[in-house]
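If you want the building blocks of each chain, they are given just below.
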Amino acid sequence: MSIWEYANPKKFMETSSWALPWVTGLAVVTLLTGLVWGFFFTPDDYRQGSTVKIIYIHVPAAMMAINCWAMMLVTSLIWLVRRHHVSVLAAKAAAPVGMTMTLIALFTGAIWGQPMWGTWWAWDPRLTSFLILFLFYLGYLALWEAVDDPDSAADLTSVLCLVGSVFALLSRYAVLFWNQGLHQGASLSLDSKEHVSDVFAYPLWTSMAGFVLLFLTLVLLRTRTEIRARRLRALEARERMA
Amino acid sequence: MVGLGKYAATVLGAYAVTILLLAVLVIATLRRGRVMRERLEAQERRMARHG
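Sequences listed follow chains A and B, in order.
For the first sequence, my numbering gives the first residue as 1024, with consecutive numbering after it.
For the second sequence, my numbering gives the first residue as 139, with consecutive numbering after it.
Read the hints as simulated data drawn from the structure, not as lab findings.
Some clues are possibly wrong.
[Said to hold, decoys possible] Stretch by stretch, here's where chain B covers chain A in the computed footprint (C-beta under 8 Å, at least three residues):
(1) 1032–1038
(2) 1062–1070
(3) 1114–1127
(4) 1156–1167
[Said to hold, decoys possible] Beta-carbon label-pair distances, calculated as ranges:
(5) R172/B / N1031/A: 48 to 56 Å
(6) V1222/A / R172/B: 40 to 48 Å
(7) A180/B / Y1196/A: 44 to 52 Å
(8) W1146/A / M185/B: 20 to 28 Å
(9) V1219/A / R175/B: 51 to 59 Å
(10) L1192/A / H188/B: 49 to 57 Å
(11) P1044/A / A186/B: 50 to 58 Å
[Stated by the list, open to error] Over 12 Å on every C-beta distance to chain B, these chain A residues come out as not near it, computed from the model:
(12) S1025
(13) G1048
(14) L1103
(15) L1185
(16) T1240
Beta carbons: idealized from backbone N, C-alpha and C, even for Gly.
Could you build all of it, start to finish, from the sequences and the hints given here?
Here you go:
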């Protein structure tokens, strides 16, 4: 069996219909476990106090903001190269989810930054690149709405996605490129010299898994809706021509 | 209730914003999905009736 079978809308609808209840259930259980564990059953940090609990939403949301754009990049490339509609519809479906994750990361970061850094906002490399990523999400969605022909919209948004990938990468690695920012380095690292304590890391990993599953659930649901919307447009056009 | 100390408003505010944004996203996703499914079914029924 080839992965390209799922580029067939009918096959995608059948498979996603079977998978959705399982993915949704797993997402709810994992997300609730991670957040309840982190919020109620972890100690305060010796420097940050209870604000450390914001890590369980801020880090997974920021991770998904970047990874969502990466997923859109892959599916946009598949559209540009192989012209599979399901692929570009999945990118379109993912954009509002990624934009919401970016907003959550920006808001929770600002709320945490006020007591810890003494400011809601700084023109720090990571914060700024995240703001630009948010604007790219907005632009991507606006472009889909602005162009009437679906295939032209798919082409243009795919190219925009390629350009925006620079900022998605920058959001991830900005703290490594520039040292003058306020934002600290990676919260989770395989480097033994720099990582958070296990007492915070385990619920954080769980919460991150929950956010990934939530993302998957929402993208499956939204892609199914986009496939239906495309079929509806095709049927309406056929009816007009009859 | 977990003791959040002097940062209670900060932590609860961050969680409230997150829950609100996720709730809006989930509700919008489900609502658009339902509307699109009903419109497609209606269109398919209409076209089946009229051949």
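Taking the hints in turn, this is what the structure says about them:
1. 1032–1038: As far as the segment 1032–1038 of chain A goes, the hint is violated, because 0 residues have Cβ atoms under 8 Å from chain B.
2. 1062–1070: holds (count 3)
3. 1114–1127: It holds: at least three residues are needed, and the segment 1114–1127 of chain A offers 5 whose Cβ sits within less than 8 Å of chain B.
4. 1156–1167: That given contact is violated, which follows from only 0 residues of the segment 1156–1167 of chain A lying within Cβ reach (below 8 Å) of chain B.
5. R172/B / N1031/A: 48 to 56 Å: 24 Å, violated
6. V1222/A / R172/B: 40 to 48 Å: 42 Å, holds
7. A180/B / Y1196/A: 44 to 52 Å: Once the Cβ atoms are compared, 49 Å apart, the range 44 to 52 Å for Y1196/A and A180/B holds.
8. W1146/A / M185/B: 20 to 28 Å: 56 Å, violated
9. V1219/A / R175/B: 51 to 59 Å: Distance hint for V1219/A, R175/B is violated at roughly 44 Å.
10. L1192/A / H188/B: 49 to 57 Å: Once the Cβ atoms are compared, 52 Å apart, the range 49 to 57 Å for H188/B and L1192/A holds.
11. P1044/A / A186/B: 50 to 58 Å: Hint violated: Cβ distance 29 Å, outside 50 to 58 Å.
12. S1025: 28 Å, holds
13. G1048: 15 Å, holds
14. L1103: 26 Å, holds
15. L1185: For L1185/A, whose nearest Cβ neighbour in chain B is about 25 Å away, the distance exceeds 12 Å, so it holds.
16. T1240: 9 Å, violated
Checked against the numbered hints given earlier, the structure breaks hints 1, 4, 5, 8, 9, 11 and 16 and satisfies all the rest.
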